[in-house]
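Engineer: Here is how the chains run, residue by residue.
Protein chains: 2
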Amino acid sequence: MAWLTHQVVIVGAGFAGLNAAKRLRRAPVAITIIDRSNYHLFQPLLYQVATGGLSPADIASPIRYILRRQKNVRVILDTVTDVDVDHKNVTTTSGLIPYDTLIVATGATHHYFGHDEWESSAPGLKTLKDATGIRASILEAFEHAERSHSPDSLNFLVIGGGPTGAEMAGTIAEMARDTLRKDFRAIDPRSARVILVEAGPAVLPAFSSDLPNRAALQLAKLGVEVRTDWQATDISADSVTITDGTTSETVLAASIVWAAGVWGSPLGAQLVGREGLDRSGRVMVADDLTVPGHPEVFVLGDLAHAVSESRLVPGVAPAAIQAGRYAADAIVDRIEGRTPPVFKYRNKGTMATIGRRAGVAEIGKIRLHGWPAWMAWLVVHLWFLIGFENRLLVLTQWSWNYVTRNRSARLIVRYRD
Amino acid sequence: MAWLTHQVVIVGAGFAGLNAAKRLRRAPVAITIIDRSNYHLFQPLLYQVATGGLSPADIASPIRYILRRQKNVRVILDTVTDVDVDHKNVTTTSGLIPYDTLIVATGATHHYFGHDEWESSAPGLKTLKDATGIRASILEAFEHAERSHSPDSLNFLVIGGGPTGAEMAGTIAEMARDTLRKDFRAIDPRSARVILVEAGPAVLPAFSSDLPNRAALQLAKLGVEVRTDWQATDISADSVTITDGTTSETVLAASIVWAAGVWGSPLGAQLVGREGLDRSGRVMVADDLTVPGHPEVFVLGDLAHAVSESRLVPGVAPAAIQAGRYAADAIVDRIEGRTPPVFKYRNKGTMATIGRRAGVAEIGKIRLHGWPAWMAWLVVHLWFLIGFENRLLVLTQWSWNYVTRNRSARLIVRYRD
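Heads up: the protein sequence lines correspond to chains A and B, in order. The working numbering numbers the first residue of the first sequence as 273 and each following residue consecutively. The working numbering numbers the first residue of the second sequence as 273 and each following residue consecutively.
Some hints here could point you the wrong way.
You can't tell identical chains apart in this list, so a pair holds if it fits in one copy or across any two.
[Claimed, not checked] Derived pair list, reagent style DSBU-like, types lysine-lysine, alpha-carbon separation capped at 35 Å: (1) K620 to K493; (2) K294 to K454; (3) K637 to K398; (4) K637 to K360; (5) K454 to K360; (6) K616 to K360; (7) K294 to K616; (8) K493 to K360; (9) K493 to K454; (10) K454 to K401; (11) K454 to K343; (12) K343 to K493.
Hints were generated in silico from the structure; no laboratory data involved. As the structure is a computational prediction, the values presented were derived from the model and not from experiment.
For reference, chain A alone in the conformation it holds in the complex (with noise of 0.2 Å):
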């Protein structure tokens, strides 16, 4: 009798979402997943969007297709706009869905710590449409350089040295220096500047020993500026302020990208409150991955401050899959009388490419940079894509773009809310 089925709803089909639908998939339980797009979409290959290397169809996948022979789900388009704990049920802008078991995986947004004024000039990079916004506006800034027949002012700004910035700043030096050389005829695009600006005293510092060296070597190779211990102290339309403490310097900026902030999704707040938050307004949560005081909802992946073995466990995608297993597992464990294990990360390793052949990752003791580390990067993200119809297609852009060192998704448009 499905009305006395277990309901468990999901709001946000991302990493941890999606992969605890599936993980349900045998379990007696009615699951609706919730999002308001109509995609799940593979985050880590977005700055890949961003700079023409991939379609956005190659990197979404609609979460209808990805679920559609698991007849427990029922997918719907739609906002949850609230959530009332007491009375176990979520609000949409369609109406309200009662669950017996919610979990909440809406992810994270850009934050410009308190200077919200920011966000217009300096776009963070999270959906689509912030993808297919910053690669219009990167190809436009060249546009505008040659309808002026000025190049003085192609300075692309790429704030925070984390993956996505250094992933970022050696993309867009990238395609400066080798895919659009020979494409304009007034300007030399290879005269543009890539600037990485870091305020902490080294570029991708999630990684050990001398990988973040290495690193910083290989974006100076690609011609991207690091600058390190430096942080942005304004942003206007056109320019970023930036200053190292001592000096301060301020350079006008053709597009820039923001990489540096974020913070939980408004659902975060809305549950348990500004005082359950962490600084980054991520959620606390219990050992179990379950909001203190109410353990039949769920808070995963990157709006999740979680901790691991007295360690925070860590905004990416592998971290989002497991906490959406281990959610799954555990409705199952309290369904049938057994109480669930606590939330244990497992660190599998961690990769950043920067541009073409170079990279760097860390896999347990194993340390690779250069060339290894991007074939590491690529094998890696087109096994993590095979749940995916369009691998294919990505290996095959992929293979393409290398041969030609094109990028052809070199389109400007951008979305509409």
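Assemble the complex: chain A is given as a structure, and chain B must be docked to it using the hints.
Structural biologist: Chain B in isolation, oriented as in the chain A frame:
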């Protein structure tokens, strides 16, 4: 001395403009090609983007990239707002560009026969923005029905029974019956109605003999309701009123596609005035495709009303390609003191597909329908795409779609201007 070189300005990088530029690659001219998009669009496959079978980047290629090796061309991303034939220059948003010879090839837009208010409800299919908008509207109709458990209003209306209308109606029917079949829980997508409204007595009226009948049968087999001799008399946001002259009927519509009328782009009227246009807003050109009184101004492609051997040259890609090459040769003839011949259009055949394995084709005296027509269509369209880097991608995507019956580019995203 560059400033003495004959300056050719081409407005519009569609089939006509791009082929004129390419044909002039060894000519002693300096070419400026201006387009408001940074890509050339393969319009014959636009309906595939509108129905989620291909991604925008599959059928759009950066103009700069196509022409990167041709040193006598510069590409300008800009909008031409005015042409001054007396002073021989065009006005763009960033300044005047002088010409010795001008080629205007800005194509056509939709035409609502005096009912411009229909445009917002019943968009036409000419640009990537149109295609992604129509795709979003079709997919949202199914999402809405699933969310509200009401499949009743799943009616899709296509107005106009030419190739675009037949292709759209056939493919929407196929999506409902095949692609989306397993994707929903509350509704059965197969219950969708697809209605093709054609004011004349037959669909695909440009085809001869029994091909229009064959096409109607193939459409009916896919589940399309073909309404010939019916026409739309009123269109609102969610309904269409149609009449056959005696009775009239108002049909609720989840999504409406306009494929009934086109009108030359505004630059035509700007160039020759309203009196120089035909009844479809196209510029009446002389037998050498130039504007009367201005042998240095060519109008090509869908914007031109050209006559060859007493017959109107059709608004199709092969005709535009031929016109572009003709104009290029005519420019060289004149520079070298020869009088160009008149333009002659060679009809190499016409074809249209209807869904996944059907179509009609007419190549000289050969008439094909069903599977052979579909194969011919596929081969010809891949062949024409051969100039593109991404024909490999399209082939991969098509093969994949064919085998899996999927249309993976089913993202609900909308472009803004």
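Engineer: Hints first: check each against the structure and report whether it holds.
Structural biologist: Each hint, compared with the structure:
1. Taking the shortest Cα distances, K620 and K493 sit within 35 Å of each other inside one copy (29 Å), while across copies they are farther apart (53 Å).
2. For a Cα distance limit of 35 Å, the shortest separation of K294 from K454 across copies, 17 Å, qualifies, whereas the shortest one inside one copy, 47 Å, does not.
3. Taking identical chains as interchangeable, the C-alpha atoms of K637 and K398 lie at most 35 Å apart only when both belong to the same chain, with a minimum of 30 Å there against 55 Å between chains.
4. Proximity of K637 and K360 under a CA criterion of 35 Å is satisfied in neither setting, with 45 Å inside one chain copy and 70 Å between copies.
5. In this assembly of identical chains, K454 and K360 lie within 35 Å of each other by CA distance solely across copies; the values are 30 Å between and 60 Å within a copy.
6. When the C-alpha separation of K616 and K360 is checked against a cutoff of 35 Å, the pair qualifies only within one copy, where the shortest distance is 27 Å, while the shortest distance between copies is 73 Å.
7. In the homo-oligomer, the alpha carbons of K294 and K616 lie at most 35 Å apart inside one protomer (20 Å), although the nearest pairing across protomers, at 61 Å, exceeds that limit.
8. Taking the closest pair of Cα atoms, K493 and K360 never come within 35 Å of each other, the shortest separation being 55 Å inside a single copy and 48 Å across copies.
9. Only within a single protomer do K493 and K454 lie at most 35 Å apart by alpha-carbon distance; the minimum there is 21 Å, versus 51 Å between protomers.
10. When the C-alpha separation of K454 and K401 is checked against a cutoff of 35 Å, the pair qualifies both within a copy, at 28 Å, and between copies, at 28 Å.
11. Taking CA atoms no more than 35 Å apart as the test, K454 paired with K343 passes between copies only; the shortest distance there is 10 Å, against 52 Å inside one copy.
12. Taking the shortest Cα distances, K343 and K493 sit within 35 Å of each other only across copies (30 Å), while inside one copy they are farther apart (52 Å).
Hint check: violations occur at hints 4, 8; the rest are consistent with the structure.
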